[in-house]
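> Residue numbers (our numbering), protein chains in the order written: chain L, 1 to 190; chain B, 1 to 190; chain D, 1 to 190; chain X, 1 to 190.
Hints are not guaranteed to be accurate.
The list treats identical chains as one, so a pair stands whether inside a single copy or across any two.
What the hints assert, rightly or not - Only pairs whose alpha carbons sit at most 30 angstroms apart, straight line, appear in this in silico DSSO-like list of lysine-lysine:
1. Lys145 - Lys187
2. Lys69 - Lys187
3. Lys68 - Lys188
4. Lys69 - Lys145
5. Lys73 - Lys145
Quick caveat, the hints were computed from the structure, so don't treat them as lab data.
Protein chains: 4
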Amino acid sequence: MNKGRLEAFSDGVLAIIITIMVLELKVPHDSSIHAIIELLPVFMSYLLSFVYVGIYWNNHHHMMQLVKKVNGKVLWANLHLLFWLSLFPFATAWMGENHYDTIPVVLYGCVMLMAALAYFILEHTLLRLHGPDSDFASTFSSRAKDIVSIILNVVAIGGSFITPYVGITCYVLVAVIWFIPEKRVEKKLA
Amino acid sequence: MNKGRLEAFSDGVLAIIITIMVLELKVPHDSSIHAIIELLPVFMSYLLSFVYVGIYWNNHHHMMQLVKKVNGKVLWANLHLLFWLSLFPFATAWMGENHYDTIPVVLYGCVMLMAALAYFILEHTLLRLHGPDSDFASTFSSRAKDIVSIILNVVAIGGSFITPYVGITCYVLVAVIWFIPEKRVEKKLA
Amino acid sequence: MNKGRLEAFSDGVLAIIITIMVLELKVPHDSSIHAIIELLPVFMSYLLSFVYVGIYWNNHHHMMQLVKKVNGKVLWANLHLLFWLSLFPFATAWMGENHYDTIPVVLYGCVMLMAALAYFILEHTLLRLHGPDSDFASTFSSRAKDIVSIILNVVAIGGSFITPYVGITCYVLVAVIWFIPEKRVEKKLA
Amino acid sequence: MNKGRLEAFSDGVLAIIITIMVLELKVPHDSSIHAIIELLPVFMSYLLSFVYVGIYWNNHHHMMQLVKKVNGKVLWANLHLLFWLSLFPFATAWMGENHYDTIPVVLYGCVMLMAALAYFILEHTLLRLHGPDSDFASTFSSRAKDIVSIILNVVAIGGSFITPYVGITCYVLVAVIWFIPEKRVEKKLA
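Extracted from the complex, chain L is given alone in its bound form (with noise of 0.2 angstroms):
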């Protein structure tokens, strides 16, 4: 079976959640510049989870650039993560509209976590599929960034129960860990 689909259908679900959580931002009533200001903090949950969606996109991207097929095993793995995906819209407002209260924030470190893990399961799926001497499995071999991001995650949780602000340094710090370029595939693909 040709991934093509599975690309496409991807790509669709993660163009919409990320452009359904752009809703959250409700219009204010009034015109004023405070009206705007109010806005900030579900701005700024928009803006992390924006940064996160398109961070599993651009993953997503490059490790299906290294797939030479798919199974129904892998339809269901890339279901299983838009799923966890799907949820980021809702853990995004809630978060953002209670100004990054502790069950927010902690509900918001689930949800990611459940979409590190799926993406983990994701890549192990094809892992299989593609066999230990494919250039799948020597390409994405060292997965140190999946795990520092799951233990980050894992850390998180715990500690917004301390205090918001550890998940909030946690959330931000996968968000700069992943944004570092990732040059495996294109040295790969070269």
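With chain L's structure known, arrange chains B, D and X on it following the hints.
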């Protein structure tokens, strides 16, 4: 006529349906755990419908692998399927928000039944177009799963008038039946 | 310039329009059959508009099969069509929620008329680009259907001031005319 | 890395942005002509933003025709552009609903300016990737339009503090400048 745009359009509609459903998870105004627990029935109905749309996309994807050509009838049979699938967000939200009351559970079953019938018709239209000697026909000659899930949906609709638990059990059962991997297409392609 | 992205973008916009319309089917707060019956006029207008968007997509798909090239003018003619189609959800919801009152039925007709004219312009732009000796020109030389439906829309707008039933009848008629399969493209391709 | 998914993802996001904007045209509860007239400012801002998103899509489409390869930096430069474009629905609705008050008109200009800068950066990133001897570089060496529209946006932001009419005039002017067909890409391809 080639099948590319039919796939692209279906992917688009399915991607939007799946993501629109999450909008019914209304962001609560307070930040307590209690607010999240209250959303649980809506969340569960979202999960169920996400799996269903995932199944439809998965089957559509598998089926289209063996499709060699499409015509006007196929385009309309496909649009007919998308119409019923487009009512999933409504039926899902109504069922979740009313804590699985009788009428919403029945309506959910009706939408499911119509979608299942529409899929049946689409498959039938493609069978007729490709002829009895095609790869398509030899792969999709047995349609036991389709028929079983149509029967289960009828049982769900009727049984929900006794108790909605009958309906919900049937819906979960249908999901499980389809979740079991479909190997026919992969075998045929190999 | 190739036509791939024009098709992809149009598919995307049409897929979203068709799915956004369903959001106007507001989830009722109680779970009675009565609540569903009250939604019937909104549902009927959704069904009508779904069929129309389906027709546009279908025709667009057929027409694009014979398109060999596009230019800047075609891109804008296509965007012009998408603009009027993007007003379908608004016009549909307004008509449905006001139980087919005169003004909403007239507005619906205006949007329909503008979309029909936009399609006419798009076809004309493509005709000029491909020249009179092209497959495109020989297939789309007769445009009786386009002209009949433009006339019907004008009648609908005028007649609705007498009674909205004139408008609704015309809208259903236009849908029926276009629903009749278009064989020209398929013949040309064969 | 191939450019296919970057195009598909951008098409998806732009298609959704363009369609989400129409959701701000809230369906009025009564069916009078007056209700429609009251929506006129929101409609005009929708029209303006539709044209802008259309221009961005059109330019993106033209530019990508000459792109031979993409890398991680290009993906992020593209996401950066999409981020600012994703704020169009918010800025459009706020401006329209507040009848072109000073602050909303200024904010609209800021979003426009950031999008124009983001496009500039994306073009620059692609120029560097393709090198000075590429078709891409020879076609996009002159960037007068980009610079003029950035200046017009700055003027719009500043001038709106005197009267919002300055801003609105500039916005319309930018749209007109870009609406004039871009022949460079078509010439290069021919």
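> Next, verify each hint and record whether it holds.
Hint-by-hint comparison with the structure:
1. Lys145 - Lys187: within (18 angstroms within a copy, 36 angstroms between copies)
2. Lys69 - Lys187: Both ways: Lys69 and Lys187 sit 21 angstroms apart in one copy and 14 angstroms across, limit 30 angstroms.
3. Lys68 - Lys188: both (14 angstroms within a copy, 18 angstroms between copies)
4. Lys69 - Lys145: Both: 25 angstroms inside a copy, 26 angstroms across copies.
5. Lys73 - Lys145: This pair counts as both: shortest intra-copy Cα distance 24 angstroms, inter-copy 19 angstroms.
Hint check: no violations occur; every hint is consistent with the structure.
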